[in-house]
Amino acid sequence: MTELELDKQAALAAIADAATLDALEEQRLAALGKKGWVSLALKTLGGMSPDERTAAAPAIQSARAAIADAIEAKKAALEAAELEAQLARETLDLTLPAAAAPKGSVHPVSQVMDELAEIFADLGFAVATGPEIEDDWHNFTALNMDETHPARAMHDTFYFPDRTPEGREILLRTHTSPVQIRSMLDQGAPIRLIAPGRVYRSDSDATHTPMFHQVEGLVVDKDIHLGHLKWTLETFFKAFFEREDIVLRLRPSYFPFTEPSVEVDVGYSTEGGRRVVGGHGDAPGHAWMELGGSGMVNRRVLEFAGIDPDVYQGFAFGLGIDRIAMLKYGMNDLRAFFDGDPRWLAHYGFSPFDQPTLSAGVGAKA
Amino acid sequence: MKFSLTWLKDHLETTATVAEICDALNAVGLEVEGVEDPAERLAGFRVAHVLTAARHPDADKLQVLTVDTGEGDPLQVVCGAPNARAGMKGVLGLPGATVPANGMVLRKSAIRGVGSNGMMCSVRELELGEDHDGIIELPDDAPVGTSFADYHGASPVIEVAVTPNRPDCMGVYGIARDLASKGLGTLKPIATPSFSASGACPVEIRTDDPEGCPAFYGRVIKGVTNGASPDWLQQRLKSAGQRPISLLVDLTNYLMLGYGRPAHVYDLAKLSGAMAARRAIDGEQCQALNEKTYTLDASMTVIADESQVHDIAGIMGGEHSGVSETTTDVLLEIAYFDPARIGATGRKLGLASDARTRFERGVDPEFLDAGLDLLTGLIVELAGGSASDVVRAGSPPSNAKVIAFDPALTTRLGGVEVAEAEQKRILESLGFAISGDWQVTCPPRRHDIEGPADLVEEVVRIHGLDKVASVALPRAEGVARPTATPQQKLERGLRRAAAATGLNEAITWSFLPEWAAEHFSSDQPLWVLANPISEDMKAMRPSLLPGLLMAAKRNADRGASGSRLFEIGRRYFRAGNGLSEEKPTLGIVLAGEKAERGWQAGKAKVLDAYDAKALALQLLEAAGAPIQNLMVMGEAGAQFHPGQSATLRLGPKTVLARFGMVHPATLKAFDVDGPIAAVELFLDAIPARKNAAFARPTFAPPALQAVTRDFAFLVPVTLAAGDLVRSVQGADKAVITGVRVFDVFAGAGVPEGHKSLAIEVTLQPGEASFKDADLKALAEKIIAAAAKLGAALRG
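Line by line, the protein sequences give chains A and B.
With our numbering, letter number 88 in the first sequence gets 980, and the count goes up by one each step, no holes.
With our numbering, letter number 188 in the second sequence gets 214, and the count goes up by one each step, no holes.
Next comes chain B alone, as it looks inside the complex (with noise of 0.2 Å):
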């Protein structure tokens, strides 16, 4: 809401500086999102009479004027306008002025030889209005001198945002009560020009949808003459960024932002019959004063005549019946709607309005006649005409609200203390009455006011805000326990962790493209969205990979040599239930070298899938899963390298973390150049760990010396080396305490569909140092472990 400190000042009497006004809007909820001072846009232009004009010496189009500024000698000033003529009035702008349509900074010049002091301006350069046809004439009594911001009465023009539960301040009036009400000044009561009524409404009005509006109110006023609005009218609308049209539209618009009342004239002469507010038909259409088309259904409601909608109700009046200059006889309206209807009809309309944004969120239901008589009164005064008396179909909702209120509540919501006859000046001051027993009578306009805890919001935003002072929350004793659960523990150690790796934390969005979606689901359907942002964010992310490979992308195609990027986030499935199932994950994506060339180490290094399982299990263990007894399994996606990927489970179904090289068609499908190394962990698949206590199982170091020795097998190439690993450990669990691959061998000297494969075994004596005794019996049964899968000692 827009509105100048003059209109303000209509409806406040107040001494209070704007500053201070601004204070008290914050103050009591009407944030100011502005003040634009019109004086200062405006300083530097003068009133000033043209003394002579003569041609420019040396261009046809152009006139050297001297103007007197009300001091000093008169100016010499080259003017181009049509109009500029000695002894008229007009604006000058001084060298300094900055003028306010261009922001070009005036300076004494010369043009064409001729020097200049200055311009003589327009209504457009000055922004007052769109004519550029010439510079401004001002009638012959403005006074030479002055400063124009003062003489064109120029106000500070305010801008407020008015929540959407204060409908009551979608008008000057209602701001002014509240100021009021905060202290700033006395409310003025509402002029209402008088007027006299005489003969019945010509015209029939009926409510056929009282449901949608209950109270439908009119009045013929017949002769009027419709034109420019005065000034004072103009000047108040264009402060509310409202262009003037003409008197009655103006006088309807004035009704509007000053009190908050939307209302609606019809010219008389468009009209057929009776006026209804009934549903629209299944549709039905309406052209509208925005001059667009809207099809109708039965949901909404209209008023129409017999032949045609000609107001989509509460939100737009239709054009066919709009006013025009040469309209004499017009039915006003005004009327009570549903808010929740006029709601409803405007989104499914997608159609805004002054008028919807008020009656969507409710105006005063009180003011319906008061109202009419006031939009009568003006149209009556400056426009002539003779009213007729109104008439009212059906009546606006009536219950006031009654609220049983203890004072004490608003120490006890609010924090403040505030004495009773304070708490009951204000809400008076509200327009709300209070009984002896403070039963609290609401005053209807506002809708927004449901119970006591409303009332402690009024009483504390008036009294101030400021005066609530800070309470500390009541404490536990002793230090403060901790709060975090298992999994918030599990994600804040294992984003470290990763961190610690040296792998950057990247947050990306949790919609993609449909196409990178689908190209990582499973068997379950996305969600995808109804009404996406773009393209480009609309299905819900099956996986964390395709968000941190499109990163590895861009940071490609930004020239960087690689990108090692995690994400801690979710993945978005659905459940049983038809509701949403989202699995914290975390996922890795390793792009670009996994070691540059270096003088050390010569040639870059390749990423590998071993640099992925080394992440893997790094960040398992550090997530606190049971590494050891994992299994490496296949089967990672079809968005991995089918031979370079695996799982780690804990069993044969449940899934820790998946692997791997991404699968060239997947860096392909992301236009991604690889290798690039992935790894998702699924957090919620890692056991929670049981029996965990602070002291840990007893251990002391074993006293005597480990022994390893090494072995070389022959297998078939097909042999998982963790296969032989696993069988190996079994030979002898006590004793067995590492098994460890040092080489892995095939070519020459090793038979055709065999590898060799070296380990080293640690073996830990217990009680006793071993003898070579039980060296070779440990030996042997390494041995004999191993055959069983097909390995031969090598000779």
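For reference, chain A alone in the conformation it holds in the complex (with noise of 0.2 Å):
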């Protein structure tokens, strides 16, 4: 073996023994430094003949290359060991808690809100307002409730010592139906709306409160009848629970604001201590629940609006709110509705996102 060959052999040992980059740095600057071994022995090529040189070069050039790779290599690995070594050193303890933003919620009422406007709207709805504090012509007369009427009475209205200009009492409005007055005399008709809102009665109990939700529907047009009304409650039903098996009983009733006045049941059977609706009131283990009154408009309502009742008919419902949305989403106590406690509106509240739509169902699933 040439000396050549000896000297190449050593630095590849100790190329591989280098522990360090600072041990490797030594070997390439002993082998390939400008004063390395290596480096010199190229330097003899230039003193030599061409015969000589073409005879001692391929072994010198052989043991550069072969120093140089190895010297690459060993770098290579000793750089990856220091980076696992460093991010050895750099482990988190991922259990610790991350900063958590606040989460918001949505009001169950808001998001119910939202989901009438969503199914209305596609049956060509629109959402109508009006005033809560009211005056009584609004609220009562022009619904076919005079001064005298009984009815007035059973509304448990709260009044304002205050009097418009006209002279009418001044209140808080006891249902939504007042909307579909000031809807219909500003806009006559055909007319199709919802108005959802605040509405007001002096009751207070497990089940009442003194300020609750309702909404009004109201459809107004030349044919419109009550296999019309039956098929709109049927339709929001099925679209608002997102089941098939709606089935809605019919019962007279009374309203002054409608003739002929219509009560709507609903079929529900009880699962689990909850009230689940859907399939027929009187198949087994199931019963009926009323949830809310309607009936075709009364002419003389028409009239009050401006609207000729000889030319146009309709009809018109009232729904509570909040017990829709309870019956949906499983709340037991309307009091908390109002509480603002975080901890009930962080349960039964919505997310943000969950803004309904008709592509992915209105409803928001827990």
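Since the hints were made in silico from the structure, they are not lab data.
Only true hints are included.
Once the Cα atoms are required to be at most 20 Å apart in a straight line, the calculated EDC-like pairs of lysine to aspartate or glutamate come out as: (1) Lys374/B to Asp1048/A; (2) Lys493/B to Glu57/B; (3) Lys1130/A to Asp492/B.
Reference listing, derived: stretches of chain A covered by chain B, where coverage requires no fewer than 3 residues with Cβ under 8 Å from a Cβ of chain B: (4) 1151-1165; (5) 1229-1238.
Heads up, the beta-carbon is just placed ideally off N, CA and C, and yes, glycines get one too.
Dock chain one against chain two, each of which comes alone in its own frame, and use the hints as you go.
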């Protein structure tokens, strides 16, 4: 073996032994540095005759290449090891908590109002609003309840001591029906609208609060009849509860502002102590539950609202929003709706991204 | 209304079951609220014969009975009743039966060492009356072993809700009529016991108030014997929830509950002179049968003799002339009162009664003579006496309404096809008369029938609403059009934006305690309820913050670490015309820590006014307000910390929002711990976006890179940072695209009365990159603009 070969072997062994990048650099300098033995050996080629050079060069070049490759490989290995060690030092305890952004929520009543708007928009209903501080003409008289009407007294009305310039009594609306009157006076017929909002009655117990939410529906057109009312409510409840087995029972009833008047019951069963809407109310294990009042708009109401009752007719209905929200989403205490307890709001509220859409289904599952 | 099946069957010939009857009641609009079957309550109680009775060996007051129950060997029963004795018949509760009065389940037991196999029952234990002096004694002919429910004639009791438009169904007879029409059976004619009347009525009767009392009929019966009512009458009244009082009183109640016809019986001995229906005199008093004294006024109709008021007409009789056990001669009154007058009087006096309920809804004006004869016949039959002729003052309204009806309207309005013959049958069965050309004459008892739509209702409710098929509403072609108004879209978007920032949406009461509303009120008078349900719900809110502060307090009192609440709702003000002006508003209250202590951040972060500002701006931006153009100004209101609150305005007058820290005095008034930050956005002030279109203005990101330069200025400590920023922005509007304050410092190295504001200015080159000279010129412009505000570049 030549001396060169011996030196090469020794250098490769030393490179392999190098434990650090510094030690490796030492080896590089010793072999390939300016004064390194490989560099010096290469320099000797300059003083040789072409024949000598041809004979000596390949060995030196090959030694240089072998050592350079070895250094490169060793360097990569050492760097990888060092990175690994560094990463090991940087290890975090990821069971420690990360900062959490507070989670907000949308109130169930708002959510259900958005659901109502979405479903009824598909049926061509606009959303109408009106004042909550009303006068007795819009709240009662125009709805066919004159001053002496016994139904007025049944409404548990909140009154203000004030009067309108025409001398009408001022009160908190007891239902959303005055919005019917205002909308018909504004827009005439045909008309399709829902009017959700706050209403007030002087009543307070486990299932009644002095403020609650109602939604009014109104359709006035030329050939609207009770069958359309039934279809509309059925269609709405099927969409709202997202089930096809909704069965409604219409019962004759009485409201001054409709004729005929109809109470709407829905069949339900009780599962795990909770009412679950669906099925026929007379089926085993089922019963009927009252959901709201409705009927064909009384022609006197149409007259009050400036619509010709010989040309137009229509239906109206009213539903309790809090109540249908409770039925759908399982709340059992109405008073908690208005308490502002963040625990309740977080539990029963909705993510802001649960925007009701028809394509995704208007409801939001827990 | 409650009535027993037996009572219903007095008037309706039917083989229908209780369930069928209930279904039919619901179907015709008489909502069944409950059915109670006493046979179920009395299950396990039997007619029993006491064979022997002997003293209990260990107890003086107890006896040991042997009782025959009609089957098997006689049972041994221990009994404490003093009237228990051999040979009597009574009611035995067998082991397993539940005592109705107390829910106790009877068991075989030993009483003082003697076995007892049941219980002999008192009237009260079976809830048949109040008597508890001893056990029930049945007549000797009571069949031993029969179930007591059968023996007692217990009949299921049905309770229905009668809607206010149907006073004709506020009597069992009217209900029977509806059921007969529905096909449940045959309506029987009213059975009036025959009697002979002779002699003129000895009492003069007048109506001096023909408006309030158009008709007043009367008759005297002399020589009656008042006492307890017969069982059949007591049972019927009890089924209706009425306590039997005395025969004469019970019979008037029977007329009212059975036929919807209130009447009154006066003790003739207590009357003096003519009886007249007249207006009360202001201040006149009447002690009513409920033992309360009412002060009347001239708007009210009364029945009075020459000395005093005996009846608050149509509502309640007077105590003075009420009948008693000793009454022998009576005056019967049957009258027709103006429904509106009765309602007004009742409301004014706060006096409710079964009679008022019927009169104010309207009784049958055709049932005066027949009703009076029915009452007379029953009194004469059961209480004896001789009746005078009827005396009549005035006459009830008699104009029967005639409605031109088109039977096709039933389909047009009711959505169901009903054959004309069937429509005719239904209406006639309810008492309507129909001519060949469909002129429909209404029975006067049906005050609710006003026009053709009411006839449709009659036809449809009897025919069956279940036969109305669903028919789809006509639908516009294509995809449903959007319906939401800009205001609705604004509120919906804002609600979800607010929730996305981590706030919980609350809904709080629209009304507040007056002090809380007052605390937040402006210069306008509040809307204050005349009849609040409580002092805590009295004044309409002029701000959303008090309700949210009260919620935050409740939460803190419950131990919550904080509340991050928002609400979108109305504030209630007064419009110029005296009506309400309700302004849509978003309110936010942040209570507690901004961020809790943590392993990374260390101490908890405290809320400050900048948290409120950030929310205000973020939500205004979400609402589409031009937030670059907003001015930060003062006057957030006295409820805010004067140095840590502001308004955001579009122009000097249009306030879009207020925000800041709540004033310590407000915290104190609401008894809640601070610091609390609050925001209110005035949604009605946010300008609608004009000319909004789907297509955005054309835009391409600038090709050249922006350059930033930092400047530190020494400024007077009073200079608002915003002013410096705005001034610097104005130095070259085309090029300066951003100015951001990144340091505020006062203290060492900064002269007294000054602070250092460091800003980062972003410069956007247009066509060509900046040259050094350009940047130098821009820097000079910026420094010059700042200098106008007294700012000097820090060396």
